[in-house]
Amino acid sequence: MSDTLTTPALELPHKHYLNATYGSGLRSWLLTTDHKRIALLYLCSVTVFFFIGGVLATMIRIHLLTPGGALVTPETYNKLFTMHGVAMIFFFLIPSIPAVFGNFLIPLMIGAKDLAFPKINLLSWYIYIIGGGFVLYSFSTGGLDTGWTFYTPLSSVYSNSAVTPAVIGIFINGFSSILTGLNFIVTIHTMRAPGMTWFRMPLFVWAHYATSLVMILGTPVIAITLLLAGLERMFHLGFFNPALGGDPILFQHLFWFYSHPAVYIMILPAMGVISEIIPTFARKPIFGYSFIAGSSIAIAVIGFLVWAHHMFVTGESTYAALTFSFLSYVVAIPSAVKVFNWTSTLYKGSISWDPPMIYALGFIGLFVIGGLTGLFLACLGLDIHIHDTYFVVAHFHYIMVGGAVMGYVGALHFWWPKITGRLYPRALSRFAAIILFIGFNLTFFPQFILGYLGMPRRYHTYPPEFQVLNVLSTAGASILALGYLLPMSYLTWSMRYGKVAGPNPWPATGLEWKTDSPPLTENFEVTPEVTWEPYDFKNRPDLGLATGAPLPAPAHGDD
Amino acid sequence: MQSQLPIYPEQASNFAPHVDALMLFITGICVFFAAGVTVAIVFFFFKYHRKSPDAIGVPTEEDPRLEALWMIVPLILSMAMFGWGAVVYVDYRNTPRDTLDVYVIGKQWMWKAQQPNGLKEINELHVPVGRNVRLILASEDVIHDFFVPAFRVKMDVVPGHYNTMWFRPTKPGRYHFFCSQYCGTNHAVMGGWVTVMEPVDYAAWLSGTSGGQADPVVAGEKLFAEKACITCHLGAGLGRAPSLNGVYGANILLADGSTVVADEAYIRESLLQPNAKIVAGYQPLMPTFQGQLTEEQILALTAYIKSLQSQPVPVKGAGIAPPTEKR
Amino acid sequence: MHRTGELYGHFETLEQQKESATLGMWIFLVTEVLFFGGLFLTYTINRRAFSTAFGIGSNTLDITLGAGNTVVLIMSSLTMAMAVWSAQVGKKKLVSIFLIATLGLGTVFLGVKAIEYKQKYDHHLIPGHGFDMRYRSAHPTASDDLKELAREKQEVQTAIKSDPDINYHGQLYFSLYFGMTGLHALHMIVGAGLLLWLIKGSFVGRYTPQYNTPVEIVGLYWHFVDIVWIYLFPLLYLIDRHH
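Protein chains in written order, with the working numbering: chain G, 1 to 559; chain E, 1 to 327; chain L, 1 to 243.
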């Protein structure tokens with residue numbers, strides 16, 4: 001028995017946003033203001049940076065197979081981990097879900113024809129490309145070896161790498177983030193279709209609203225910080241250089257004031273994705289909708305109050321440390337609320353084992369480990385031991401890769417039919433999800449132990465007693481890589497050879513599923529009027545589920 | 001290097017057992033919740049597997065009491081984790097009085113340590129077991145960090161700041177220390193060994209390999225004259241600058257009415273930014289020695305000024321706040 | 001982008017379009033507050049640490065030009081507000097006149113800033129190589145008031161006694177001076193560009209009581225830039241001026 005409904009003999013819609021032509025082919029993509037096309041522009045560019053970051057990660061793990069580190073020189077190794085961090089954080093993780101899925105889906109989900117500012121949306125992408133260009137220029141002309149955290153005075157005075165173009169690139173890229181956030185906030189306030197009240201909105205939209213708050217409030221601060229650091233480097237000023245009267249700790253405060261909330265920019269959208277997948281594949285409303293919505297806002301707000309937990313061993317005042325540790329525990333609570341609510345949603349559900357559900361459950365498993373290990377780091381007495389060790393590296397990879405990236409890949413699998421009109425091979429994709437889960441754990445779990453044993457991070461060489469765990473980690477990484485290569489392959493394959501999906505293959509309850517797959521350029525021919533609650537499978541006869549109507553005979557198995 | 005369980009290093013300091021116990025406590029809580037959630041998910045995943053293609057789930061009403069429960073219980077547990085961690089941390093940040101002080105300087109890419117008698121070490125640190133040891137950390141260039149996994153302690157070494165850390169070694173042996181704040185090319189090789197010795201052996205080592213190393217107090221006294229400090233900071237208190245007798249560790253009364261404790265940081269600031277804090281009753285006359293003193297010279301002068309603690313304090317002319325002053 | 005009259009195709013009504021544009025501008029201004037905020041924080045911390053150098057640095061600024069510029073900018077906010085009002089009541093000719101007046105006053109502001117920057121250059125007060133706070137009083141020119149210069153020289157000498165690193169810390173002050181006023185001037189130039197675009201539209205009578213959103217939101221932006229200056233002026237120009 002198949003888990004999803006299939007309707008026989010489907011065809012792609014005649015006219016949709018992909019084949020709509022206005023002007024010549026390339027121009028209609030590069031000058032588009034259609035949020036869906038812009039989402040695909042982002043999809044291509046973030047994938048490029050993901051690939052670059054991934055290659056760098058591969059080299060790091062291969063180099064760390066031996067204590068002596070035989071692959072590259074120390075200088076090169078330091079550039080590898082720096083560039084890996086910069087590429088992945090600023091050019092993949094931060095844009096990924098918002099710029100691809102937020103852009104594509106938010107207007108569809110709220111019943112609008114586009115975002116509030118379509119031209120600014122396109123500008124956002126160009127700003128991203130220009131910023132990325134500066135950073136790639138930095139990577140290829142001397143590289144970057146300051147660590148993605150750019151601590152001064154190492155970055156502003158002592159480093160001999162291409163710091164200035166990198167800092168310019170990240171500065172410029174920040175505006176892409178700011179404009180995206182601005183666009184989302186206005187759109188969500190003013191462009192909701194009639195009947196789409198705040199508490200009827202999908203939780204994905206709530207998640208992006210919270211994310212956008214962080215984007216607009218936090219990003220300007222990193223912009224000015226990097227600007228000051230860059231000016232210091234170029235003109236030998238002394239904001240952060242103690243030799244000239246400056247304070248390196250000021251840099252850290254300014255830097256982390258953004259960079260901590262930034263991690264919530266990376267995880268909140270992924271949580272929004274999970275909040276869509278779970279009710280869809282359990283076919284029931286999500287448990288605790290208003291608590292999940294509220295927890296997103298709580299995370300965004302409290303997330304601004306914890307930054308100095310990155311600085312517990314800088315010699316900051318004990319009072320400050322106590323305050324930030326306390327608040328760091330408080331910020332964990334809303335995330336826990338989400339996990340409990342997602343789990344409770346499964347209770348008495350009608351659970352399908354479709355690929356998006358596997359990814360979503362994988363997300364929960366890995367995010368739980370990542371989030372719980374944050375409790376170790378927030379603990380002052382423990383942090384003095386595990387700060388700046390592989391424990392931290394493991395923790396943030398669990399959240400960002402195990403969480404955010406898995407959420408991203410899960411989103412790809414959930415909305416791929418809507419974006420492309422095609423389905424992908426089901427068995428292969430579930431296999432890939434499991435590979436990803438196993439490979440990921442094998443790669444990063446040993447690193448918790450490495451960290452507690454005392455192996456510091458950013459080390460190109462290490463004492464021999466740490467080798468076994470490093471080898472385990474690298475072995476896991478090779479499996480993890482397979483877990484990424486598989487979807488890249490079969491999703492690409494499916495664009496041409498995948499089965500046609502139809503408007504609502506799963507089916508799901510969101511407004512986006514009421515459009516064609518792929519949708520028209522203007523999304524809706526007629527502006528919808530919303531009269532139903534979110535995830536309400538019971539009162540949606542249009543979905544063709546459990547309404548007493550006879551089942552259509554499945555045409556063929558879908559594998 | 002590894003103990004019976006190869007998941008944590010040897011416990012070689014007073015902090016180590018506390019940190020490990022804390023770790024086990026938090027691990028226990030986390031395993032409980034992780035297991036709970038995992039079991040629930042796996043159980044539901046199989047129990048509620050879709051029975052027929054068009055089956056839907058049974059909606060469940062929002063339950064504010066359940067939500068409150070799973071907000072409050074984690075919050076209480078969080079406060080326990082926070083509280084215990086805070087206790088350990090406050091203990092770590094409050095250096096006890098009777099410490100053996102070692103000055104440690106980090107620079108790209110090596111560590112220099114200076115024992116109380118002036119004996120210098122490079123990438124090595126010898127300390128006696130059972131004594132409270134305080135490290136006074138300074139950097140000559142970028143931010144470093146002094147980390148001893150077996151002691152479970154670390155502290156950043158920040159240019160322009162003094163940071164201190166303390167520990168009490170509890171087990172003789174040799175333990176790795178690492179630099180754990182990325183500091184450039186050879187960050188990964190900027191480490192060494194802490195050797196914890198029985199007090200008798202430590203004393204022997206200290207004097208045995210002494211061989212002509214300058215006592216920092218003597219070096220400081222020489223500098224005090226060479227740099228002409230002595231012309232203003234007359235011991236009897238009749239000079240243009242306050243006497244430094246008994247000053248170290250005392251409360252100093254400043255021109256703006258506030259008081260400050262004369263610790264290492266204060267002495268350092270007085271040398272480099274002399275007019276940041278003017279002692280009450282004195283003019284801002286002192287020139288700065290920024291750029292004229294190396295870190296080691298600053299440490300030597302500090303050691304010398306410390307040694308003046310026992311000298312007679314003049315009735316007038318030391319700038320020390322009267323003891324009745326309530327601060 | 002599909003457009004009928006002033007209504008862009010993705011909006012349902014002109015009301016929705018106006019609401020979106022206005023909210024968008026307000027949110028953008030919030031990001032600007034955070035952006036300038038980082039600089040203000042850096043200023044605050046550095047001023048507390050190096051108050052002497054900041055005092056000397058501030059005293060080298062021409063208070064007449066600064067105060068005059070402040071008045072100019074406040075007046076330009078008035079003319080901007082008048083432009084918005086004119087559009088709202090349908091006085092199309094006045095819209096153009098007030099917009100041009102705003103642009104004119106803004107240009108005066110930028111011109112005066114250019115003069116001030118040139119002065120700093122002549123007095124060796126640009127951070128970087130060649131920066132020297134003693135330069136001006138040691139090199140009088142024909143147009144200088146010698147008594148004032150003597151006083152400045154005296155002040156600098158006194159300052160050096162209590163802060164021998166005055167040239168390092170003075171550079172911090174001037175970095176912040178150029179950084180903050182420079183960023184502000186950049187925003188004014190962008191504002192000038194927006195005004196030109198508005199003026200062009202006003203010549204063809206585009207802004208009516210039914211549709212004047214662009215004038216309103218550029219007005220918001222312009223007022224914000226004005227408010228930033230109202231903070232910058234006392235913080236940069238008026239330190240230690242009580243003689």
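Hints are computed from structural coordinates only; laboratory data are not their basis.
Don't take each hint at face value.
[Claimed, not checked] With a straight-line cut-off of 16 angstroms between C-alpha atoms, the simulated EDC-like cross-links for lysine to aspartate or glutamate are: (1) G:K348 to E:D263; (2) G:K348 to E:E296; (3) G:K538 to E:E61; (4) E:K222 to E:E140; (5) G:K538 to E:E296.
[Said to hold, decoys possible] If the Cβ cut is set under 8 angstroms, some of the chain E residues that face chain G in the computed set are: (6) Y8; (7) A188; (8) V189.
[Unchecked claim] Restraint ranges, calculated between C-beta atoms of paired labels, are given here: (9) G:F431 to E:F46: 31 to 39 angstroms; (10) E:L100 to L:R151: 52 to 60 angstroms; (11) L:A138 to E:N132: 54 to 62 angstroms; (12) L:V33 to G:T47: 46 to 54 angstroms; (13) G:P67 to E:P116: 30 to 38 angstroms; (14) G:C44 to E:G28: 31 to 39 angstroms; (15) G:R496 to L:E15: 51 to 59 angstroms; (16) E:R131 to L:R151: 55 to 63 angstroms.
Just so it is clear, CB atoms sit at the ideal spot from N, CA and C, and this is done for glycine as well.
Hint-by-hint comparison with the structure:
This hinted pair does not check out: K348 of chain G and D263 of chain E have alpha carbons roughly 66 angstroms apart, beyond 16 angstroms. Proposed proximity of K348 of chain G and E296 of chain E is contradicted: the alpha carbons are some 71 angstroms apart, above 16 angstroms. The hinted pair formed by K538 of chain G and E61 of chain E meets the criterion: a straight-line CA distance of about 13 angstroms does not exceed 16 angstroms. Of the pairs offered as hints, the one joining K222 of chain E and E140 of chain E is violated, with about 23 angstroms between alpha carbons and a cut-off of 16 angstroms exceeded.
Between K538 of chain G and E296 of chain E, the direct Cα distance comes to roughly 77 angstroms. Violation of the 16 angstroms bound is thereby established for this hinted pair. Here the hint on Y8 of chain E is kept, as its CB sits about 5 angstroms from the closest CB of chain G, short of 8 angstroms. Hint status for A188 of chain E: holds, given a least beta-carbon distance of 4 angstroms to chain G, under 8 angstroms. The closest approach between the C-beta of V189 of chain E and any C-beta of chain G is roughly 6 angstroms, which is under the 8 angstroms cut-off, so the hint is satisfied.
Between F431 of chain G and F46 of chain E the beta carbon distance is about 19 angstroms. The supplied range of 31 to 39 angstroms is therefore violated. Checking the proposed 52 to 60 angstroms range against L100 of chain E and R151 of chain L shows it holds: the Cβ atoms sit about 55 angstroms from each other. For the pair A138 of chain L and N132 of chain E, the supplied restraint of 54 to 62 angstroms holds, since their beta-carbon distance comes to about 56 angstroms. Checking the proposed 46 to 54 angstroms range against V33 of chain L and T47 of chain G shows it is violated: the Cβ atoms sit about 35 angstroms from each other.
Remark: the range hint 30 to 38 angstroms for P67 of chain G to P116 of chain E is upheld by a beta-carbon distance near 35 angstroms. For the hinted restraint 31 to 39 angstroms between C44 of chain G and G28 of chain E, the CB-CB distance of approximately 46 angstroms leaves it violated. The given range of 51 to 59 angstroms is broken by R496 of chain G and E15 of chain L, whose C-beta atoms sit roughly 45 angstroms from each other. In this structure the hint that R131 of chain E and R151 of chain L lie 55 to 63 angstroms apart at CB holds, the actual value being about 60 angstroms.
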